[in-house]
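Taking the hints as your guide, dock the two standalone chains into a single complex.
Chains E and W are the protein sequences, given in the same order. For the first sequence, the residue numbers in this note's numbering are 1 to 124. For the second sequence, the residue numbers in this note's numbering are 1 to 390.
Calculated directly from the structure, the hints in this document are not laboratory data. Heads up, none of these hints are tricks.
Okay, the calculated bits of chain E under chain W, using three or more residues with CB under 8 Å as the criterion:
#, stretch
1, 4-14
2, 33-39
Examples of chain W residues toward chain E, derived with CB under 8 Å:
#, residue
3, 303
4, 345
5, 380
6, 381
Remember, it's a predicted structure, so these values are computed and weren't measured experimentally. For every residue, glycine included, the Cβ atom is placed at its ideal position computed from N, Cα and C.
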Amino acid sequence: MYSEKVIDHFTNPRNVGEIEEANGVGQVGNAKCGDIMRISLVVEENIIKDIKFKTFGCGAAVATSSMVTEMVKGKSLEDALNITNSTVAEALGGLPEAKMHCSNLAADAVHVAIKDYLAKKSKV
Amino acid sequence: MRRIYLDHSATTPVDPQVAELMMKYYVEFYGNPSSVHLYGREVRKALDEARTQVATLIGADQAEITFTSGGTEADNIAIQGAAKSRAKKGKHLITSAIEHHAVLDTCKYLAKNGYDLTILPVDEEGLVSVDELKKAIRPDTILVSIMHANNEVGSIQPIEEIGKITKELDILFHVDAVQSLGKCPIDVKAMNIDLLTISSHKIYGPKGVGALYIRKGVRISPLMFGGAQERKIRSGTENAPGIIGFGKACELSGQRMKSEIPYLTGLRDKLIDGIMSRIDNVKLNGPRGQKRLSNNVNVSINFIEGESLLLSLDMIGVAASSGSACTSGSLDPSHVLLAMGMSHEVAHGSLRLSLGKQNTDEDIEFVLEELPKIVDRLRVMSPLYNKTSC
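Extracted from the complex, chain W is given alone in its bound form (with noise of 0.2 Å):
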């Protein structure tokens, strides 16, 4: 059977060129970096190189990176970290309704302890108002964390406006960067960024590595103590083969980017396209063009939902992802589709395809022959779906 995978916001295949460096890392050169030996040293060294090909990525200086076990992990130290620096400044956090978990759940638990937290709404595209923001920063302001592109609806955020507003009133401004990553160019300077979230295994580089960007001069207090390897911001023996195939990772991913997203970008605008035209009842979730992830692809299908959705592409080896509350663990669909006003009936039928390098236009076509059938079967089964319309 044809398999055709397009849940790359979801994970990403390992590049072989990545795989390869790293397994030399496991079975070669496995000293630990901190040991003063050669078996030390030669690990250091990549690390070190490691560290400055992550740096290129984000325009940042290698000094400033600071690997942790993923996205997940370099959230909680940002946002955790700065409120507990800063405590003594202020104690209040603003964030959106469209974050990930790791922010938002990391912000409202800091909530529940003593911090203050605005959540700013979104549009119905899912993008943030710098109006919105610009109302809710207070004297005692001291952190704002909103993420470069959603990972659901691929909406870009205007980061570069609010790093201004937030460098002028001195506030932290952290970023969570873990879907744009080699999809849109960062500069954390330009875009005066003091803390930014990545992830390796969004860019084909291996799960379980991801960094934390902190500005130089900026302190952040660690949530884990031990041997002090980070800068003591992150303690523990670094995960050398996973640190050494992320730099790799971003390395080969700011050489491709250039052409990838030309090619996403095409690849996407005929899936929409072709969805919008071959299906009635359906919505495109998020913006149309340069606001939008050059591989995301989120559509709500109208009258059918989104498990049943993913079951019948799975049967034919197509991949996907949705926002129904079967897939999200939970009894309410997405809060990312509900933050943009969409009723909980439009959000349970909500497709996400999200597209990698490997994607052809063959892949697309066979998605636009088969999901119309898929759609009409689920259809005649539903009740909601007005039979005249059959």
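Excised from the complex, chain E in its bound form (with noise of 0.2 Å):
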């Protein structure tokens, strides 16, 4: 029911873990529906110059989050923006049909992330 590529980013999930220092951090979903994505990033000059997740789900759940992180390393915030759930499953080489609503929540966590580094940001 996976794709290879799927299999891979869960098997050999690329960037878990938290960044203590990072200075975005987003959280999506909900442990009622059985999948959480937290995304810790550090941005410097407007680029993410690292990011990392943990996730609680499923596969598809673990291997968007993996995928996404390998995405939008090392690009800038716009270009992470641009980034949608759909792009993320694309290069996954797709997701089951009953998986793409609701475990494919990894951009949208980077997302949030980047927002709550712009409104820190505009804070200070």
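Dropping the structure here:
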């Protein structure tokens, strides 16, 4: 049911963890639905220098989280904001239909983290 | 790669003896059992024998067995058929919150079509209370449908006690025994059961065959009309190879039962004890000991989600199942776990390992060796897991 890429990212997830000195953090989903994704990132001069994720969820949830961190690392905030949940799913060679709405939230989590960074920055 | 099948509550492999016998009835004895000629008669004879084999395993007479396409059809005939035939007497049905959907959804369908339905709650071990049942009974109650053993958490219900009550009050008693057949002794007479659903593929028989026991004297309206097979209860040419295979599977199951129950119970408890001692923050779902099906292990592993657990197990060759939403095909986790009072998040992390006769001590040891590693890996990824306890 899952593509090879999904299985690869599930088995060898990239960028797992939490960055203590992160300047942007974003969390989406809730445990009731069975999916929570937390992204922490470090932005320097408009570029995502470092990013890590922690995810509670199914194979698709883990794989999309891992994929999105690879896709946005080193990118500008504008480029990262242009990456959507469906671009992430595409990059993974597609997701089963049932997973498209429930477990495909990773880009949302990145966007929330970026907004968190921007909000903190504007306060300074 | 080593492959370990721990999903016997989903289905079992067909016993080679069963498959061999069935093959003869596909290629050699292929007559229609309703035919007058020899081709038909030789199959009819084999069907009669299968009927006796099935009846023997549950303490019934062969005339009380109606073959169906499986457990789901038997549940539907029992519940819809009983509701229709007793509609003049009353329209109240009682079932439990942890029934298989074949029962629960059939009852809910009737509730939308003029019947009243009471769904009994269960306690945190997944057991129906006899007192709650007594309280729910009304003068217009016509049918009580309670499963023998739950398919997810293995809780064995107080069927004998319920049977006494329903018999005294002349209420029909239907029992879905799909999971308990071959794993618990069943005696429909001693348990005062009027209608009993069983299925072939859970006991090393073929898929697509089941049976409904209908106690002599109980009238059931059919759902299907046609050639009047199975005493008009289930029209349609009999699935002869399947039925004959089911009969053989019942015979073999009856022979094995005495040794198989303690064998599986031993493996079960070793698995439960091992998981509980090697993994922290884990909870056993369902009762311990005698009230638990001999082959069922179900645990909730906190902070991780069931489907990712299944995927990880699958990668090392272990087949299991989960009550997580991702595996139930809906957004909600298992209705059974929720009915037992479990929170959504804990229910999402449930893991069912159901044992079978081919499983060995080594299989259990392998799982006990590998499962904690998988849990650790997934917990490191989980935002719910407390960092200080890593």
